[in-house]
Amino acid sequence: MSVEYIGLKEISGPLVILEGVKDASSEEMVEIQVEGEKRLGRIIEIRGGLCVVQVFEGTDGLSLTNTRTRLTGRPLEIPLSLEILGRTLNGIGQPIDGFGGIFPERRRDVNGHAINPVARRYPRNYIQTGISSIDGLTTLIRGQKLPIFSGSGIPHNQLAVQIVRQAKISGEENQNFAVVFAAMGVKHDVAEFFKTSFRRSGVLDRVLMFLNLANDPVVERIVTPRAALTAAEYLAFEHHMHVLVILTDMTSYAEALREISSSKGEIPSRKGYPGYLYSDLASIYERAGMLDDREGSITQIPILTMPNDDITHPVPDLTGYITEGQVVLERTLSQKGIYPPVSVLPSLSRLMKDGIGEGYTREDHPQVANQLFSSYARVQEVRALASVIGEDELSDLDKQYMEFGQSFESEFLQQSIDEERDIEHTLDLGWMLLGLLPREELDRVSDDILNKYYHDNDSEGGGLQSWT
Amino acid sequence: MIKNTQGMIYGINGPVIRVRGNNRLKMLEMVLVGDEKLIGEVIRVDRDEAIVQVYESTAGLKPGEPVISTGKPLSVMLGPGIIGNIFDGIQRPLVKIREKSGEFIRRGMSVTQLELDRKWPVKMLVKAGDRVEPGTKIAEVQETEVVKHFVLVPPDIRGEVIDVAKDGEYTLCQPILKIQCGPSEKEVTMVQEWPVRKPRPYRSRLELNKPLVTGQRVIDTLFPIAKGGAAAIPGGFGTGKTMTQHQLAKWSNADIIVYVGCGERGNEITEVLEDFPKLIDPRNNQSLMKRTVLIANTSNMPVAAREASIYTGITLAEFYRDMGYDVAVMADSTSRWAEALREISGRLEEMPAEEGFPAYLPSRLSEFYERAGMVENLNDTKGSISIIGAVSPQGGDFSEPVTQNTKRFIRCFWALDKQLAYTRHYPAINWASSYSEYFEDCQDWYREKTDGTFSTKRAELLRILQEESKLLEIVKLIGSDILPDEQKLVLEIAKVIRLGFLQQNAYHENDTYVPVMKQLKMMETILELYAGAKRLVQRSIPVSVIRKTGILDEVIRMKYTLDNEHLSGFDRLVDKIHETLDQIGRDYQVRERKGLE
Ligand SMILES: Nc1ncnc2c1ncn2[C@@H]1O[C@H](COP(=O)(O)OP(=O)(O)OP(=O)(O)O)[C@@H](O)[C@H]1O
Ligand SMILES: [Mg+2]
Numbered sequence: 001m002s003v004e005y006i007g008l009k010e011i012s013g014p015l016v017i018l019e020g021v022k023d024a025s026s027e028e029m030v031e032i033q034v035e036g037e038k039r040l041g042r043i044i045e046i047r048g049g050l051c052v053v054q055v056f057e058g059t060d061g062l063s064l065t066n067t068r069t070r071l072t073g074r075p076l077e078i079p080l081s082l083e084i085l086g087r088t089l090n091g092i093g094q095p096i097d098g099f100g101g102i103f104p105e106r107r108r109d110v111n112g113h114a115i116n117p118v119a120r121r122y123p124r125n126y127i128q129t130g131i132s133s134i135d136g137l138t139t140l141i142r143g144q145k146l147p148i149f150s151g152s153g154i155p156h157n158q159l160a161v162q163i164v165r166q167a168k169i170s171g172e173e174n175q176n177f178a179v180v181f182a183a184m185g186v187k188h189d190v191a192e193f194f195k196t197s198f199r200r201s202g203v204l205d206r207v208l209m210f211l212n213l214a215n216d217p218v219v220e221r222i223v224t225p226r227a228a229l230t231a232a233e234y235l236a237f238e239h240h241m242h243v244l245v246i247l248t249d250m251t252s253y254a255e256a257l258r259e260i261s262s263s264k265g266e267i268p269s270r271k272g273y274p275g276y277l278y279s280d281l282a283s284i285y286e287r288a289g290m291l292d293d294r295e296g297s298i299t300q301i302p303i304l305t306m307p308n309d310d311i312t313h314p315v316p317d318l319t320g321y322i323t324e325g326q327v328v329l330e331r332t333l334s335q336k337g338i339y340p341p342v343s344v345l346p347s348l349s350r351l352m353k354d355g356i357g358e359g360y361t362r363e364d365h366p367q368v369a370n371q372l373f374s375s376y377a378r379v380q381e382v383r384a385l386a387s388v389i390g391e392d393e394l395s396d397l398d399k400q401y402m403e404f405g406q407s408f409e410s411e412f413l414q415q416s417i418d419e420e421r422d423i424e425h426t427l428d429l430g431w432m433l434l435g436l437l438p439r440e441e442l443d444r445v446s447d448d449i450l451n452k453y454y455h456d457n458d459s460e461g462g463g464l465q466s467w468t
Numbered sequence: 001m002i003k004n005t006q007g008m009i010y011g012i013n014g015p016v017i018r019v020r021g022n023n024r025l026k027m028l029e030m031v032l033v034g035d036e037k038l039i040g041e042v043i044r045v046d047r048d049e050a051i052v053q054v055y056e057s058t059a060g061l062k063p064g065e066p067v068i069s070t071g072k073p074l075s076v077m078l079g080p081g082i083i084g085n086i087f088d089g090i091q092r093p094l095v096k097i098r099e100k101s102g103e104f105i106r107r108g109m110s111v112t113q114l115e116l117d118r119k120w121p122v123k124m125l126v127k128a129g130d131r132v133e134p135g136t137k138i139a140e141v142q143e144t145e146v147v148k149h150f151v152l153v154p155p156d157i158r159g160e161v162i163d164v165a166k167d168g169e170y171t172l173c174q175p176i177l178k179i180q181c182g183p184s185e186k187e188v189t190m191v192q193e194w195p196v197r198k199p200r201p202y203r204s205r206l207e208l209n210k211p212l213v214t215g216q217r218v219i220d221t222l223f224p225i226a227k228g229g230a231a232a233i234p235g236g237f238g239t240g241k242t243m244t245q246h247q248l249a250k251w252s253n254a255d256i257i258v259y260v261g262c263g264e265r266g267n268e269i270t271e272v273l274e275d276f277p278k279l280i281d282p283r284n285n286q287s288l289m290k291r292t293v294l295i296a297n298t299s300n301m302p303v304a305a306r307e308a309s310i311y312t313g314i315t316l317a318e319f320y321r322d323m324g325y326d327v328a329v330m331a332d333s334t335s336r337w338a339e340a341l342r343e344i345s346g347r348l349e350e351m352p353a354e355e356g357f358p359a360y361l362p363s364r365l366s367e368f369y370e371r372a373g374m375v376e377n378l379n380d381t382k383g384s385i386s387i388i389g390a391v392s393p394q395g396g397d398f399s400e401p402v403t404q405n406t407k408r409f410i411r412c413f414w415a416l417d418k419q420l421a422y423t424r425h426y427p428a429i430n431w432a433s434s435y436s437e438y439f440e441d442c443q444d445w446y447r448e449k450t451d452g453t454f455s456t457k458r459a460e461l462l463r464i465l466q467e468e469s470k471l472l473e474i475v476k477l478i479g480s481d482i483l484p485d486e487q488k489l490v491l492e493i494a495k496v497i498r499l500g501f502l503q504q505n506a507y508h509e510n511d512t513y514v515p516v517m518k519q520l521k522m523m524e525t526i527l528e529l530y531a532g533a534k535r536l537v538q539r540s541i542p543v544s545v546i547r548k549t550g551i552l553d554e555v556i557r558m559k560y561t562l563d564n565e566h567l568s569g570f571d572r573l574v575d576k577i578h579e580t581l582d583q584i585g586r587d588y589q590v591r592e593r594k595g596l597e
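Chains as they are written, first to last, in the numbering used here: chain B, 1 to 468; chain G, 1 to 597.
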């Protein structure tokens with residue numbers, strides 16, 4: 001236990017190599033003393049007596065001779081108790097808010113364990129966010145992992161905060177909820193924005209923050225989402241809370257992973273990211289969900305910025321392959337001044353089908369959503385055509401689509417940052433817009449639903465043009 | 001413990017460990033790693049070191065811990081109790097793991113693959129004095145309400161039966177047969193072990209000539225997969241791979257379904273576990289779970305076991321094929337399996353080929369898809385394995401190595417299209433870039449089962465769709481207004497085909513599964529509409545007039561409004577089409593005459 005290893009064999013980026021080590025175990029934590037300062041590291045590879053160690057606080061100031069390293073005999077764990085709510089911790093779970101240490105009820109390994117698929121409960125409860133584009137078209141379900149794909153300069157943080165503030169679970173009191181917020185490589189003012197917003201909406205004492213800011217060490221960043229999810233699992237599955245986890249920015253996280261991978265000399269796959277990026281991201285995202293014999297839930301909203309707004313970039317791409325849908329934000333909408341700039345067509349909530357419609361939201365919801373998607377897709381085609389032949393040359397029907405598209409963006413998508421619309425309101429709005437189109441165009445809606453909800457908004461439609 | 005069967009851990013790098021001190025380890029041998037006896041497999045043997053991939057988390061392992069050799073390759077246990085069950089990638093039953101370790105999977109759980117002390121009612125099929133060969137059916141066991149399980153003579157035993165158990169209840173380990181096998185006597189039980197990486201033997205391959213009927217129109221009609229065939233379903237995220245696989249697992253007319261969730265979501269497995277027991281198979285009124293076995297290695301479970309899960313699945317499938325069943329294997333997603341290969345290969349510091357994938361990726365893929373086929377079994381029965389592999393191309397780009405290499409080994413390709421998915425056209429199978437070579441193989445079946453016109457109608461449908469895509473190119477540039485009416489009609493009919501035929505609503509009770517006869521009727525109706533409308537258009541009646549009558553919409557809705565089994569509704573619909581069109585024709589004549597006056 002108390003053996004100290006003096007000096008290092010090699011230092012490479014955030015990694016150091018120890019030599020002649022006995023009794024080290026894979027993923028064990030080590031403490032490195034360097035000139036009176038203590039740093040933490042984790043063993044990531046062992047070969048005989050050689051150990052490769054990731055140093056959380058970075059390797060600056062380390063030399064081959066100025067360190068003394070001690071094995072701790074334990075994996076990376078964080079202390080947990082109910083008192084963590086309201087606290088601010090660094091990326092590896094140490095308090096940085098000046099309120100002293102956490103008296104742990106228990107300690108947990110940050111890597112967690114995979115939920116046995118036979119022990120999961122399929123998520124079905126819909127969460128009303130009060131945001132039309134989300135509630136109406138990409139409904140969030142409790143226990144879902146639904147990321148926001150964004151770009152730099154697009155107001156994804158505002159959207160996340162609005163979701164946290166307005167999220168309501170239908171028909172149940174909202175007492176037992178908590179927010180776990182993990183910042184990875186974001187700027188100080190972004191973290192501050194979240195904190196202020198949480199304070200303003202009066203939820204700060206139910207929020208646990210993990211901050212690994214842009215100038216904090218990258219190795220710590222690898223642990224941050226895991227520490228956050230370990231805390232979330234503790235709150236959800238031991239204290240039956242409904243936990244919303246916000247992870248931002250997953251792109252910085254993946255870049256940290258890439259940096260460490262390249263210092264290890266690993267063979268890269270696409271864009272220099274390691275071949276195991278998918279598995280690594282999955283080990284984070286799959287920690288959302290519910291268990292069939294416990295009350296709590298973990299809902300994840302990871303936020304990521306798409307480099308170059310490119311949705312095929314490995315980080316959004318692999319994320320999309322793991323999460324249960326995605327809310328995509330679009331720069332052109334944002335530039336038009338539309339908030340939230342949700343790009344409807346590529347956005348999707350895969351779990352919504354089981355949490356909407358009769359008995360959940362309203363009977364017409366699935367069909368309205370489907371129709372709005374499909375009509376708005378048609379708008380894109382018409383716009384492309386209009387840009388070629390000019391708007392005036394469009395057929396009457398196409399002109400109606402143009403109008404529908406306009407109104408859809410300015411009335412359905414657009415809402416203010418503190419505007420909360422309930423689901424009825426959102427769906428009625430949908431019908432109002434569909435009323436701009438002739439009834440025959442609504443091919444995704446059944447007759448009885450049309451009879452009940454459709455009203456023609458277009459005064460001159462119908463009879464006049466009839467041929468006979 | 002015997003010394004020379006034991007080595008020790010020397011190095012640890014994620015799921016890959018280096019073992020020293022035992023130079024007798026064999027390639028692909030199963031080993032027990034560390035004090036907790038984690039299951040691993042030898043994947044490389046060098047002069048003084050062997051490399052083992054471990055099927056569980058290696059966190060906390062230390063150099064010096066023992067590595068025990070088992071002398072046998074990674075194997076599955078074959079016997080009653082497989083169907084209806086859910087296993088992890090190396091055939092450990094997840095329900096048992098839960099009983100031992102709770103909601104979260106801990107490692108080092110030793111659980112037997114099948115329940116060894118459960119008693120099964122056995123009916124013997126052979127008597128003393130019979131000669132039995134490998135594969136001979138010696139007994140039958142009602143494994144579930146729908147699956148009759150045949151106990152087969154293992155592939156290495158043949159001879160004369162000298163003793164037979166009485167019909168009755170037996171556990172898996174109790175001998176039910178004694179065979180004089182050369183000079184020695186062999187006892188046979190209901191279980192046998194089989195190494196997952198080795199295909200089970202059969203007598204010969206047969207040609208493929210029957211489709212695996214799926215009830216999905218775009219598949220059965222346009223791009224069918226034959227029983228014994230292999231299909232790939234590639235698509236970017238959210239385009240519908242899993243939904244399609246689930247639909248096929250639910251409705252295809254295989255006897256047994258092996259569903260391998262390979263590196264995908266936990267909730268999708270949960271969904272199957274919740275849905276399938278409740279869904280009723282129309283063919284036997286029993287729950288679908290009673291013909292299904294699930295292999296689940298979700299994306300957060302250990303990577304090496306993900307690699308094994310595909311082989312575990314296909315070996316279980318071969319076992320039921322050997323009994324004479326048609327088995328369908330769904331593998332979602334083969335890309336995750338390929339990535340597991342890449343990850344392990346990277347840790348071995350092998351020379352990578354394309355995009356970091358190992359150079360042996362193509363050969364592994366071909367070995368897997370080659371295990372599909374329609375065969376004559378050793379016991380003269382016929383059985384088949386159809387493989388449907390999902391592919392998740394990076395960036396949705398089909399030119400990446402897994403999609404490209406898979407294409408070489410399959411003959412049916414369902415290309416999922418992001419644009420179609422964006423507009424919620426499901427299933428988002430692109431009719432222009434998908435293909436199936438099996439339609440030709442199954443011609444006779446289509447001719448016999450339907451009225452002989454199937455393939456001409458199908459060709460006509462495809463032709464209209466093709467013409468549409470040409471016309472749409474023009475429309476994109478100049479709008480549809482200036483097209484002549486005959487071409488406008490093509491666009492309208494193509495729309496009817498897309499919305500009314502190709503789109504199929506998996507969530508609609510009536511539409512989720514559609515018999516081939518109804519598919520034919522639907523095609524017929526659409527083509528009837530086209531022919532009638534074309535005659536009007538040729539008399540210069542504008543398409544807009546036909547559109548106004550609502551008859552197009554009515555045809556589009558036929559999938560919902562007309563029954564799946566009683567097809568007389570189609571005659572009425574066709575009558576109505578004729579009436580409507582005739583009426584337009586008459587009105588037009590009147591008008592023309594008035595115009596003349
Ligand atoms: N046939 C269908 N009918 C109705 N909806 C569908 C159909 N196919 C796909 N969808 C919709 O698309 C969503 C995504 O489909 P699915 O989960 O099958 O995608 P996937 O290709 O497996 O994606 P991934 O690669 O990320 O796993 C579904 O949740 C559903 O909303
Ligand atoms: Mg899928």
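Fair warning: there could be bad hints in the mix.
Under the rule of at most 27 Å between Cα atoms (straight-line distance), these lysine-lysine pairs were calculated in the BS3-like manner [claimed, not checked]: (1) B:LYS22 / B:LYS9; (2) G:LYS449 / G:LYS470; (3) G:LYS495 / B:LYS452; (4) G:LYS137 / B:LYS271; (5) B:LYS353 / G:LYS495; (6) G:LYS72 / B:LYS264; (7) G:LYS407 / B:LYS271; (8) B:LYS22 / G:LYS37; (9) G:LYS137 / G:LYS127; (10) B:LYS353 / G:LYS290; (11) B:LYS336 / G:LYS476; (12) B:LYS399 / G:LYS407; (13) G:LYS534 / G:LYS576; (14) B:LYS399 / G:LYS495; (15) G:LYS178 / G:LYS72; (16) B:LYS9 / G:LYS62; (17) B:LYS399 / G:LYS470; (18) B:LYS22 / G:LYS62; (19) B:LYS336 / G:LYS198; (20) G:LYS198 / G:LYS26; (21) B:LYS38 / G:LYS37; (22) B:LYS452 / G:LYS62; (23) G:LYS100 / G:LYS137; (24) G:LYS278 / B:LYS353; (25) B:LYS399 / G:LYS127; (26) B:LYS353 / G:LYS198.
Keep in mind the hints are simulated off the structure, nothing from the lab. Treat the numbers as computed from the prediction; the structure is a model and nothing was measured.
Quick rundown of the hints versus the structure:
Distance hint between LYS22 of chain B and LYS9 of chain B is fulfilled; the C-alpha atoms sit about 15 Å from each other, no more than 27 Å. For the given pair, LYS449 of chain G sits about 33 Å from LYS470 of chain G by alpha-carbon distance, which is inconsistent with the 27 Å threshold. Pair hint LYS495 of chain G plus LYS452 of chain B holds up; C-alpha atoms about 26 Å apart against a cutoff of 27 Å. A hinted pair counts as satisfied when its Cα atoms are at most 27 Å apart, and LYS137 of chain G with LYS271 of chain B does not qualify at roughly 55 Å.
At most 27 Å may separate the alpha-carbon atoms for a hinted pair to count; LYS353 of chain B and LYS495 of chain G meet this at roughly 25 Å. Note on LYS72 of chain G and LYS264 of chain B: the hinted pairing is violated, with a Cα-Cα distance of about 35 Å set against a maximum of 27 Å. At most 27 Å may separate the alpha-carbon atoms for a hinted pair to count; LYS407 of chain G and LYS271 of chain B meet this at roughly 25 Å. This hinted pair checks out: LYS22 of chain B and LYS37 of chain G have alpha carbons roughly 21 Å apart, not beyond 27 Å.
The hinted pair formed by LYS137 of chain G and LYS127 of chain G meets the criterion: a straight-line CA distance of about 12 Å does not exceed 27 Å. Only pairs whose Cα atoms come within 27 Å are accepted, and LYS353 of chain B paired with LYS290 of chain G is accepted, the gap being roughly 26 Å. Pair hint LYS336 of chain B plus LYS476 of chain G holds up; C-alpha atoms about 25 Å apart against a cutoff of 27 Å. The straight-line distance between the Cα atoms of LYS399 of chain B and LYS407 of chain G is roughly 43 Å, outside the 27 Å bound, and the hint therefore fails.
Annotation: proposed proximity of LYS534 of chain G to LYS576 of chain G holds, straight-line Cα distance about 16 Å (limit 27 Å). In summary, the hint linking LYS399 of chain B to LYS495 of chain G is supported, as the alpha carbons are separated by about 20 Å, within the 27 Å threshold. A hinted pair counts as satisfied when its Cα atoms are at most 27 Å apart, and LYS178 of chain G with LYS72 of chain G qualifies at roughly 25 Å. Restraint check for LYS9 of chain B and LYS62 of chain G: the C-alpha separation of about 20 Å stays at or below 27 Å, so the hint holds.
Restraint check: the Cα-Cα separation between LYS399 of chain B and LYS470 of chain G comes to about 24 Å, which is no more than 27 Å; the hinted pair holds. Proximity of LYS22 of chain B to LYS62 of chain G is assessed by CA-CA distance (about 9 Å); at most 27 Å being required, the pair is judged to hold. Simply put, LYS336 of chain B and LYS198 of chain G have alpha-carbon atoms about 60 Å apart, too far for the 27 Å limit, and the pair is violated. Note on LYS198 of chain G and LYS26 of chain G: the hinted pairing holds, with a Cα-Cα distance of about 16 Å set against a maximum of 27 Å.
At most 27 Å may separate the alpha-carbon atoms for a hinted pair to count; LYS38 of chain B and LYS37 of chain G exceed this at roughly 36 Å. Restraint check: the Cα-Cα separation between LYS452 of chain B and LYS62 of chain G comes to about 68 Å, which exceeds 27 Å; the hinted pair is violated. As the CA atoms of LYS100 of chain G and LYS137 of chain G are separated by approximately 36 Å, the hinted pair breaks the 27 Å bound. For the hint linking LYS278 of chain G to LYS353 of chain B, the alpha-carbon distance of about 18 Å falls within 27 Å, and the restraint holds.
Distance check on the hinted pair: LYS399 of chain B and LYS127 of chain G sit about 81 Å apart at the alpha-carbon level, beyond 27 Å; violated. At most 27 Å may separate the alpha-carbon atoms for a hinted pair to count; LYS353 of chain B and LYS198 of chain G exceed this at roughly 41 Å.
When each numbered hint is compared with the structure, violations occur for hints 2, 4, 6, 12, 19, 21, 22, 23, 25, 26.
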